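*Asks:* Spelled out, the chains give:
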Amino acid sequence: GAGVSQTPSNKVTEKGKYVELRCDPISGHTALYWYRQSLGQGPEFLIYFQGTGAADDSGLPNDRFFAVRPEGSVSTLKIQRTERGDSAMYLCASSLQPDAGANVLTFGAGSRLTVL
Amino acid sequence: AQSVSQHNHHVILSEAASLELGCNYSYGGTVNLFWYVQYPGQHLQLLLKYFSGDPLVKGIKGFEAEFIKSKFSFNLRKPSVQWSDTAEYFCAVTGGYNKLIFGAGTRLAVHP
Numbered sequence: 001g002a003g004v005s006q007t008p009s010n011k012v013t014e015k016g017k018y019v020e021l022r023c024d025p026i027s028g029h030t031a032l033y034w035y036r037q038s039l040g041q042g043p044e045f046l047i048y049f050q051g052t053g054a055a056d057d058s059g060l061p062n063d064r065f066f067a068v069r070p071e072g073s074v075s076t077l078k079i080q081r082t083e084r085g086d087s088a089m090y091l092c093a094s095s096l097q098p099d100a101g102a103n104v105l106t107f108g109a110g111s112r113l114t115v116l
Numbered sequence: 117a118q119s120v121s122q123h124n125h126h127v128i129l130s131e132a133a134s135l136e137l138g139c140n141y142s143y144g145g146t147v148n149l150f151w152y153v154q155y156p157g158q159h160l161q162l163l164l165k166y167f168s169g170d171p172l173v174k175g176i177k178g179f180e181a182e183f184i185k186s187k188f189s190f191n192l193r194k195p196s197v198q199w200s201d202t203a204e205y206f207c208a209v210t211g212g213y214n215k216l217i218f219g220a221g222t223r224l225a226v227h228p
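Protein chains in written order, with my numbering: chain A, 1 to 116; chain B, 117 to 228.
Bear in mind the hints are in silico, worked out from the structure with no lab data behind them.
Just so you know, not all the hints are guaranteed correct.
Negatives, chain B to chain A, calculated, CB over 12 Å [stated by the list, open to error]: (1) Val127; (2) Leu135; (3) Glu136; (4) Ser142; (5) Gly157; (6) Leu160; (7) Leu172; (8) Lys174; (9) Gly178; (10) Glu180; (11) Glu182; (12) Ser200; (13) Ala220; (14) Ala225.
Just some of the chain A residues that point at chain B, by a computed CB distance under 7 Å [what the hints assert, rightly or not]: (15) Gln41; (16) Gly42; (17) Pro43; (18) Phe45; (19) Tyr48; (20) Phe65.
In this text the structure is predicted, and so the values were computed from the model without any measurement.
The beta carbon of each residue, even a glycine, is placed where N, CA and C say it ideally should be.
Please model the complete structure; the sequences and the hints are all you need to start from.
*Replies:* Now the structure itself:
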């Protein structure tokens with residue numbers, strides 16, 4: 001597609017539920033990144049993929065968070081047993097090559113998660 | 117670990133005023149530096165970037181930023197702001213890692 005597409009744009013769930021957030025990167029982009037942005041803060045790195053593999057998942061806050069990219073294109077961020085503190089905007093970005101230092105990231109509009 | 121500090125959380129200016137937003141980073145090695153902008157209701161967009169070469173970088177919409185290595189700074193400037201520049205501005209850095217590290221952002225409000 002022309003840009004990075006994220007669905008749903010808004011998700012409201014109850015504490016303890018399971019949530020999946022989807023990211024469809026720009027066609028041909030090999031690198032995909034997930035960030036989380038809480039109110040009043042900058043985006044916080046969660047995980048990035050080179051192709052199908054998670055090259056760096058050091059930003060995932062705990063084992064309730066997991067992400068996959070099985071075919072090297074679409075990625076799903078999965079959150080188990082959601083907590084109120086998980087409420088945030090979840091941003092996805094992609095770039096043509098994996099080196100974020102040399103390549104510009106294109107961001108999607110985000111998925112706003114609210115945990116009641 | 118890398119970190120980015122943006123000094124001003126909220127800035128209010130009148131149209132035609134000059135703008136300078138501060139950004140400092142902590143990383144001792146070679147860095148790449150970015151400013152991203154988020155207009156109300158829109159997604160993050162790249163404003164400008166520095167990879168190497170001339171430390172004065174020009175971006176879109178009349179913005180520029182200067183990389184001062186000795187001060188670990190990458191301040192964003194615009195000589196004359198417009199109402200349409202109202203947005204949130206994020207400084208970001210990569211250096212030795214394959215990911216962008218963002219500052220907390222600066223909310224700019226420009227009054228006509």
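*Asks:* If any of the earlier hints don't hold here, list their numbers in rising order.
*Replies:* 5, 6, 13 and 20
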